[in-house]
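Can you make the complete structure from the sequences, with help from the hints?
These protein sequences, in sequence, are chains A and B.
Using the numbering used here, read the first sequence as starting at 1 and increasing by one per residue.
Using the numbering used here, read the second sequence as starting at 1 and increasing by one per residue.
Hints may contain errors.
Examples of chain B residues lying across from chain A (beta carbon under 10 Å, computed) [to be verified]:
| # | residue |
| --- | --- |
| 1 | Pro20 |
| 2 | Asp44 |
| 3 | Val47 |
| 4 | Val96 |
| 5 | Leu154 |
| 6 | His177 |
| 7 | Tyr179 |
| 8 | Ile243 |
| 9 | Phe246 |
Under 8 Å between C-beta atoms, here's a sample of chain A residues computed to sit facing chain B [stated by the list, open to error]:
| # | residue |
| --- | --- |
| 10 | Ala4 |
| 11 | Ile5 |
| 12 | Glu8 |
| 13 | Gln11 |
| 14 | Ala14 |
| 15 | His17 |
| 16 | His39 |
| 17 | Asp44 |
| 18 | Val45 |
| 19 | Pro93 |
| 20 | Val95 |
| 21 | Glu103 |
| 22 | Phe246 |
Here are the in silico distance ranges between beta carbons for each label pair [claimed, not checked]:
| # | chain 1 | residue 1 | chain 2 | residue 2 | range |
| --- | --- | --- | --- | --- | --- |
| 23 | B | Thr351 | A | Leu203 | 24 to 32 Å |
| 24 | B | Arg345 | A | Glu53 | 36 to 44 Å |
| 25 | A | His48 | B | Lys282 | 40 to 48 Å |
These aren't lab readings, by the way, just hints derived from the structure by calculation.
All C-beta atoms in this analysis are idealised placements derived from N, C-alpha and C, irrespective of residue type, glycine included.
Single-letter residue listing:
There are 2 protein chains.
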Amino acid sequence: MGDAISVEELQLAARNHGMPLEALRWDVTPIGLHYLLTHYDIPDVSVHSWRLEIGGLVERSQSLSLDEIRTRPSVEVAVTMECAGNGRVHVEPHVVSQPWLLEAVGTARWRGTPVAGLLEDVGIRGDAVEVLFTGLDRGVEGGEEQAYARSLPLSEILAGDAILAYAVNGVPLPPQHGYPLRLVVPGWYGMTSVKWLSSITLLSEPFDGYQMRHSYRTRQHEDELGEPITRMAPRSLMVPPGIPEFMSRSRVVPAGLCELRGRAWAGESEIAGVDVSTDGGKTWQEAELDDDALGRWAWRAWRFTWDADPGDHELCCRARDGAGNVQPLEAPWNVGGYMNNAVQRVAVTVTE
Amino acid sequence: MGDAISVEELQLAARNHGMPLEALRWDVTPIGLHYLLTHYDIPDVSVHSWRLEIGGLVERSQSLSLDEIRTRPSVEVAVTMECAGNGRVHVEPHVVSQPWLLEAVGTARWRGTPVAGLLEDVGIRGDAVEVLFTGLDRGVEGGEEQAYARSLPLSEILAGDAILAYAVNGVPLPPQHGYPLRLVVPGWYGMTSVKWLSSITLLSEPFDGYQMRHSYRTRQHEDELGEPITRMAPRSLMVPPGIPEFMSRSRVVPAGLCELRGRAWAGESEIAGVDVSTDGGKTWQEAELDDDALGRWAWRAWRFTWDADPGDHELCCRARDGAGNVQPLEAPWNVGGYMNNAVQRVAVTVTE
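Set out below in C-alpha cells:
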C-alpha cells in the first residue's frame with residue numbers, strides 16, 4: 001500500500017462514496033451506503049423532457065418516455081455491483097485515479113425492464129453486433145470531451161439479465177444512481193451499468209469510444225491494447241469486528257468467541273467457498289456459507305467463529321468460485337489499477 | 001493546499017461521504033448526497049430493543065420507545081449542516097484528520113420532537129446546567145474507549161430549535177444518519193447533532209468528555225484548552241460551472257453568458273449577502289440572493305451572471321452575515337483544522 005496520495009486523487013475520494021465495511025451486515029445496502037463512482041458530474045435531468053432514444057440498427061427507432069418504459073414488463077433483481085478500480089490503492093507501483101481501498105461495492109434491488117425484450121420488440125437488424133449505451137454525464141477525459149458511453153456485445157445482452165432500471169430498493173432512482181433510468185448488468189463490474197441513460201444504439205462494429213478503447217482494460221504497458229474488463233473476479237470482505245480506533249481504523253476486540261461475518265461474490269461463476277485466516281494468510285479454515293437467498297447476482301453471506309486470543313492478529317478472508325478462481329494474497333498490477341481482488345487484511349488487537 | 005495525504009487519512013475519506021458540489025443545485029439534498037461523518041462505525045440498532053433513556057437531574061426519569069417519541073408533538077425543519085472540519089485540507093501546516101476539501105455539507109428536512117418540550121415534560125431540576133447527548137457509536141480516540149457524546153448548555157436547549165429527529169426528507173432515518181433517533185441542532189456544526197441517540201442526561205456541571213475537552217476546540221497549541229466550537233461561520237459555495245476534467249476536476253465552460261449558482265449559510269447571524277469574484281479574489285461583485293423559502297436554518301440560494309471571456313479564470317464566492325462576519329481569503333489555522341471558511345476557488349477554462 002502506497003504511502004501517500006495526491007490532492008487530485010483526494011478530490012475524487014471526497015466526491016465519490018465508498019460503502020463503510022460495517023454495511024456488509026445488510027443483505028441489501030441501504031440507499032446512501034452503496035458505493036458511488038461518478039466520472040463527471042451528476043447531471044440535472046428533468047423527467048418531463050427526458051427521453052430514451054433507441055436507434056441504429058433497429059427496425060423501428062423509438063423515443064420513449066419514462067412512463068412508457070414503466071408500463072413494460074418489469075423484474076426486480078438483487079445485484080452486487082463493484083467498481084473495477086476497487087482495491088486500487090493497494091497495488092504497487094501506485095496508480096493515479098479514484099483511490100479506492102476496498103469499499104467500492106454495494107448490493108441493491110433494482111427494478112426495471114429487461115433490455116433483451118425491449119430490443120426484440122423494436123426489431124434487431126441482422127447486421128447488429130454491439131449495443132451502445134450512452135449517458136447524459138459529460139466531461140473531459142484523456143483530452144477528449146465526451147458523454148460517458150460503454151457498449152456490450154449483442155449476444156451478451158440477448159443471453160443475459162441486463163435491465164433498464166428506474167427504481168432501487170423500492171423507490172425511484174435517486175439522482176446519484178442514474179435518475180431517471182440506468183442500465184444494470186448483473187455480474188459485470190460497475191462501469192458497464194451506464195447511469196443517466198439517454199440512448200441505446202445498435203452498431204455493426206465494436207464501439208471504440210474512450211471508455212472502451214482506453215479505460216477499463218488490463219494493460220501491462222501504456223502502449224498496448226490489453227484485454228477488456230468484463231465480469232467481477234471473486235472477492236470476499238468481512239465486517240471488521242469489534243470497535244475502531246478513530247484515525248488508524250485498527251480494531252479492538254475482547255478475548256473469547258467472536259463471530260466473523262462477511263459477504264462474497266463473483267461474476268463469472270458462483271461462489272464455491274470462503275476461507276478465513278486469523279494469522280495473516282499463513283493458515284486457512286473454511287467459513288460457513290449462508291444460502292443464496294438473494295439469488296445468483298448478489299453476494300453470499302458467510303460466517304466464521306473465531307476464538308480470539310489476546311494479542312495482535314491479522315484477519316483475512318478469501319473467496320473461491322466454481323471455476324477454481326481464488327483471491328490472491330498479492331495485488332495484481334496493471335496500468336489502470338483494475339481488478340485487484342487480493343485478500344482483505346484487518347488488523348485486530350484482542351484485549352484480555 | 002498540501003501536496004499529499006496519508007493512507008490513514010484516505011481511509012477516512014473513503015468511508016465518510018462528501019456532497020459533490022453539483023448537488024448544491026437542490027434546495028434539499030437528496031438522501032445519499034448529504035455529507036456523512038461517522039467517527040466510529042455505524043451501529044447495528046434493533047428498534048424493538050432500542051430505548052431513549054432520559055435521566056440525571058430530571059424530576060421523572062424516562063425510558064422511551066420510538067413509538068412513544070413519535071406520538072409527541074412534531075415539527076419539520078430544513079437544516080443546513082456542515083462538518084466543523086470542512087476545508088481542513090486547505091489549511092497549512094497540514095492537519096491530520098478526516099481530509100475534507102469543501103464538500104462536508106448538506107441540507108435536509110428533519111422531522112422530530114423539540115428537545116425543549118420533552119425536557120420540560122419530564123421536569124428539569126433547578127441545579128441542571130447542561131444536557132448530555134450520548135450515541136450508540138463506540139470506538140477508541142485519543143487512547144480512550146468511548147461512546148460518542150456531546151453536551152449543550154441547558155439554556156441553549158431551552159431557547160433553541162433542537163429536535164430529536166426520526167425522519168429525514170419524509171422517510172425514516174437511514175442507518176447512516178442516526179437510525180432510529182438523532183439530535184439535530186440548527187445553526188451549529190454537525191458534531192453537535194449526535195446520531196444513534198441512546199441517552200439524554202441533565203448535568204450540574206459542564207461535561208468534559210473527549211469530544212468536548214479535546215476535539216472541537218480552536219487551539220493554537222496542543223497544550224492549551226482553546227475555545228469550544230459552536231455555530232457555523234459564514235460560508236458560500238458555488239456549483240462548479242461547465243463540465244469537469246475527470247482527474248483534475250478543473251472546469252471547461254463555453255464563452256458567453258454563464259449563470260453561476262450557489263448557496264450560502266451562517267449559524268450565528270443570517271446571511272446578509274454573497275459576493276462573486278471572477279479574477280481570483282482581486283475584485284468582487286454582489287450576487288443576487290433568493291428569498292429564504294427554506295427558513296432561517298437552511299442555506300440561501302444565490303445567482304450571478306458572468307460574461308465569460310476565453311482563457312483561464314479563477315472563480316470565487318464569499319458570504320457575509322448580518323453581524324459583519326465575512327469569509328477570509330486565507331485559511332485560518334488551529335490545531336484541529338476546524339472552521340476553515342476561506343473562500344472557494346474554482347479553476348475554469350473558458351473556450352471560444
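Going through the hints against the structure:
Checking Pro20/B against chain A by beta carbon gives a least distance of about 4 Å; that is within 10 Å, so the hint holds. Here the hint on Asp44/B is kept, as its CB sits about 6 Å from the closest CB of chain A, short of 10 Å. Hint status for Val47/B relative to chain A: violated, with the closest Cβ pair at about 14 Å, above 10 Å. Because the beta carbon of Val96/B sits about 7 Å from the nearest beta carbon in chain A, less than 10 Å, this interface hint is met.
A hinted interface residue such as Leu154/B counts as satisfied when its beta carbon comes closer than 10 Å to some beta carbon of chain A; here the least separation is about 29 Å, so the hint is violated. A distance limit of 10 Å between C-beta atoms decides the matter here; for His177/B the minimum to chain A is near 8 Å, and the interface restraint holds. At its closest, the beta carbon of Tyr179/B sits 9 Å from a beta carbon of chain A; the interface hint therefore holds under the 10 Å criterion. The beta carbon of Ile243/B comes within 5 Å of a beta carbon in chain A, closer than 10 Å, and the hint placing it at the interface holds.
The restraint placing Phe246/B at the interface with chain A holds, with a minimum CB-CB distance near 4 Å, inside the 10 Å limit. For Ala4/A, the shortest C-beta to C-beta distance to chain B is roughly 4 Å, which falls under 8 Å, so the interface hint holds. This hint holds: Ile5/A has a C-beta 6 Å from the nearest C-beta of chain B, less than the 8 Å allowed. Nearest Cβ of chain B to the Cβ of Glu8/A: about 6 Å, under the 8 Å cut. The hint holds.
Look at Gln11/A: its Cβ gets to within about 5 Å of chain B, closer than 8 Å, so that hint holds up. A distance limit of 8 Å between C-beta atoms decides the matter here; for Ala14/A the minimum to chain B is near 4 Å, and the interface restraint holds. Proximity of His17/A to chain B holds as hinted, the smallest CB-CB distance being about 5 Å (cut-off 8 Å). Here the hint on His39/A is kept, as its CB sits about 6 Å from the closest CB of chain B, short of 8 Å.
Hint status for Asp44/A: holds, given a least beta-carbon distance of 6 Å to chain B, under 8 Å. Hint status for Val45/A: violated, given a least beta-carbon distance of 11 Å to chain B, over 8 Å. For Pro93/A, the interface hint is violated, the least distance from its beta-carbon to any beta-carbon of chain B being 15 Å, above 8 Å. The interface hint given for Val95/A is violated, since its Cβ lies 12 Å from the closest Cβ of chain B, which is over the 8 Å cut-off.
Interface hint at Glu103/A: satisfied, since its Cβ lies 5 Å from the closest Cβ of chain B, which is below the 8 Å cut-off. Interface hint status for Phe246/A: upheld, as the beta-carbon distance to the closest one in chain B is roughly 4 Å, under 8 Å. About 30 Å separates the C-beta atoms of Thr351/B and Leu203/A, a value consistent with the hinted range of 24 to 32 Å. The given range of 36 to 44 Å is respected by Arg345/B and Glu53/A, whose C-beta atoms sit roughly 38 Å from each other.
Taking the beta carbon of each, His48/A and Lys282/B are about 42 Å apart, inside 40 to 48 Å as hinted.
Checked against the numbered hints listed earlier, the structure breaks hints 3, 5, 18, 19, 20; every other hint is satisfied.
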